[in-house]
Amino acid sequence: MRVISDKHTRPDLLNDPISPTLKRMTIPMIFGMVSLMMFNIVDIFFISLLGTEPLAAVSFTFPVTFMVISLAIGLGIGTSAVIAKALGSDKLDEARFDASISLLVAVVLVLILSFCGYLLIDPIFTLLGAGSNVLPLIHDYMNIWFLGSVCLITPMIGNSVLRASGDTKTPSLVMGGAGLINAVCDPILIFGWGPIPALGIQGAAISSVIAWSIAVIIILYLLIIKKQLLSLKAGGQTAVGAIRKILKIGLPAAGANMLTPVAMAVITALVAQHGPEAVAAFGVGSKIESIASILILALSMTLPPFISQNFGANNLTRVKQAYTGTLKFVMIWQFAIYILLIIFAGGLSQLFGKEQAVIDVIKLFIYTIPLSYGLQGVIILSNSSFNALHKPMNALVLSVIRLFVFYLPFAYLGNELAGLVGLFVGAALGNLFTAIVAYKWFIKELETLNNQLLQECSQ
Numbered sequence: 486m487r488v489i490s491d492k493h494t495r496p497d498l499l500n501d502p503i504s505p506t507l508k509r510m511t512i513p514m515i516f517g518m519v520s521l522m523m524f525n526i527v528d529i530f531f532i533s534l535l536g537t538e539p540l541a542a543v544s545f546t547f548p549v550t551f552m553v554i555s556l557a558i559g560l561g562i563g564t565s566a567v568i569a570k571a572l573g574s575d576k577l578d579e580a581r582f583d584a585s586i587s588l589l590v591a592v593v594l595v596l597i598l599s600f601c602g603y604l605l606i607d608p609i610f611t612l613l614g615a616g617s618n619v620l621p622l623i624h625d626y627m628n629i630w631f632l633g634s635v636c637l638i639t640p641m642i643g644n645s646v647l648r649a650s651g652d653t654k655t656p657s658l659v660m661g662g663a664g665l666i667n668a669v670c671d672p673i674l675i676f677g678w679g680p681i682p683a684l685g686i687q688g689a690a691i692s693s694v695i696a697w698s699i700a701v702i703i704i705l706y707l708l709i710i711k712k713q714l715l716s717l718k719a720g721g722q723t724a725v726g727a728i729r730k731i732l733k734i735g736l737p738a739a740g741a742n743m744l745t746p747v748a749m750a751v752i753t754a755l756v757a758q759h760g761p762e763a764v765a766a767f768g769v770g771s772k773i774e775s776i777a778s779i780l781i782l783a784l785s786m787t788l789p790p791f792i793s794q795n796f797g798a799n800n801l802t803r804v805k806q807a808y809t810g811t812l813k814f815v816m817i818w819q820f821a822i823y824i825l826l827i828i829f830a831g832g833l834s835q836l837f838g839k840e841q842a843v844i845d846v847i848k849l850f851i852y853t854i855p856l857s858y859g860l861q862g863v864i865i866l867s868n869s870s871f872n873a874l875h876k877p878m879n880a881l882v883l884s885v886i887r888l889f890v891f892y893l894p895f896a897y898l899g900n901e902l903a904g905l906v907g908l909f910v911g912a913a914l915g916n917l918f919t920a921i922v923a924y925k926w927f928i929k930e931l932e933t934l935n936n937q938l939l940q941e942c943s944q
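Counting from 486, one number per residue, gives the positions in the sequence shown under this note's numbering.
It should be emphasised that the hints constitute simulated quantities derived from the structure, not laboratory data. This structure is a prediction, so every number in the text was calculated from the model and none was measured. All C-beta atoms in this analysis are idealised placements derived from N, C-alpha and C, irrespective of residue type, glycine included. Be careful, since some hints might not be right.
What the hints assert, rightly or not - Think about it this way: if two alpha-carbon atoms lie no more than 27 Å apart in a straight line, the pair counts; the simulated DSS-like pairs of lysine-lysine are:
#	residue 1	residue 2
1	839	772
2	654	813
3	654	711
4	508	813
5	718	576
Said to hold, decoys possible - Label-pair restraints from in silico Cβ distances:
#	residue 1	residue 2	range
6	710	589	15 to 21 Å
7	618	658	39 to 45 Å
8	678	758	44 to 50 Å
9	618	497	19 to 25 Å
10	750	658	31 to 37 Å
11	589	504	35 to 41 Å
12	757	825	28 to 34 Å
13	497	614	48 to 54 Å
14	706	678	26 to 32 Å
15	840	750	23 to 29 Å
16	677	529	16 to 22 Å
17	508	890	33 to 39 Å
18	658	824	31 to 37 Å
Please put together the full structure from these sequences, using the hints given.
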């Protein structure tokens, strides 16, 4: 198999030992995830110093920006799955062409979506409940965000191409570098410095676009010059065929991502029945969850390229070993995290809660839902593994089953029977039943693919 220029440092996903390889790929991704979180935290911190209205304005933008980012994440999943399978099948020219088409498709789709969003800012945010006092601030932020969104999407897709080749260190460095640039530019452009005027909330958007733009230059240099992973030589396929392959996985993956905020909105509404203290505590719990589950999120980006390459090489035994071994590790790891959260529940609750009612609900959250984080990891990794096997509809259906068959109904029933305690326990039970379905379904899918492979070999 022909390889890219960093062949001495890039993991061989087809032959290297499974556990050390996944570890080597995942550790840099954890750094990248932390950097990405810090990117958002820095933005919110500096904007909060401007006052309540600017912070409220940016808060209104989250659902809209999440839609664009979800599209990019979905296309990134499709890109990674298609390219990794091509590399595993020893089709480097096809992988390069697919990577080029992925970037072009992402740019076109995001341009269309952002242009529509730019024209419809007033009706969209009025529908979301934004008042006339914050609409001008939303315009200041979103006008720039929409115009610069292509600069955000390009590095996301480019990083997916790099991960598909087994390189997770470079994407992490790119994300970390962008976060650092944003952190430096934010206070300068928001509050002004020397000859640079204070631009307020507009400065936050410009800082993000500057960071993204520099990331675009770096990622294109890496893909075109250093690693030579982009090419417009079709290699026996057509542009339409490449687009179909990518969108077949990318669009369902984007749809699955968009389901999560819908479900969280419903859960928040249920929690709100128990008062503002419960909502505040649940918000803290969600932040704890994002930190406690960071390993799962990192693995959801490193396991799929491994699976896709071995799938392309018809090495399904190695796929199964990677999948089951990762799930066992995640279950043990997340249980250890749960024990730590229990030990420090009191301190965490008092750190984030100022009122006793809030502190009590944070403790309740920590005692119940984090126990199911390992099961949640099984669901997330099974979902990403389905995409890696080019089974995007399985992944989408699994997301629907998780959220609307188990998670939300169990939480609602628990809330009706036992209040807030029942709601949290119901959500945890929803993760349990979904994890069982996810694991059995994925193993069955592997068995089906293996039988098909055996039949093809015998003919």
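Here's how the hints hold up against the structure:
Simply put, residue 839 and residue 772 have alpha-carbon atoms about 16 Å apart, close enough for the 27 Å limit, and the pair holds. With a C-alpha separation of about 24 Å, the suggested pair residue 654 and residue 813 falls inside the 27 Å cut-off, and the hint holds. Note on residue 654 and residue 711: the hinted pairing holds, with a Cα-Cα distance of about 15 Å set against a maximum of 27 Å. Between residue 508 and residue 813 the alpha-carbon distance is near 14 Å, which keeps this suggested pair within the 27 Å criterion.
As the CA atoms of residue 718 and residue 576 are separated by approximately 12 Å, the hinted pair is consistent with the 27 Å bound. At roughly 18 Å, the beta-carbon separation of residue 710 and residue 589 lies within the given 15 to 21 Å, and the hint holds. Between residue 618 and residue 658 the Cβ separation comes to about 41 Å, which falls inside the hinted range of 39 to 45 Å. Taking 44 to 50 Å as the suggested C-beta distance range, the pair residue 678 and residue 758 conforms, at roughly 47 Å.
Here the CB-CB span from residue 618 to residue 497 is close to 58 Å, at odds with the stated 19 to 25 Å. For the hinted restraint 31 to 37 Å between residue 750 and residue 658, the CB-CB distance of approximately 35 Å keeps it satisfied. The hinted window of 35 to 41 Å between residue 589 and residue 504 holds, with their beta carbons roughly 37 Å apart. In this structure the supplied range 28 to 34 Å holds for residue 757 paired with residue 825, their Cβ-Cβ distance being about 29 Å.
Residue 497 and residue 614 have their C-beta atoms about 52 Å apart, which keeps the hinted 48 to 54 Å range intact. Range check, residue 706 to residue 678: about 29 Å between beta-carbon atoms, so the 26 to 32 Å window is met. Checked against the hint of 23 to 29 Å, the pair residue 840 and residue 750 passes, with Cβ atoms roughly 24 Å apart. Taking 16 to 22 Å as the suggested C-beta distance range, the pair residue 677 and residue 529 conforms, at roughly 20 Å.
Distance hint check for residue 508 and residue 890: the Cβ-Cβ separation is about 34 Å, which falls inside the suggested range of 33 to 39 Å. Against the hinted window of 31 to 37 Å, the Cβ-Cβ separation of residue 658 and residue 824 comes to about 33 Å, which satisfies the hint.
The structure is inconsistent with hint 9 alone, although it conforms to all the rest.
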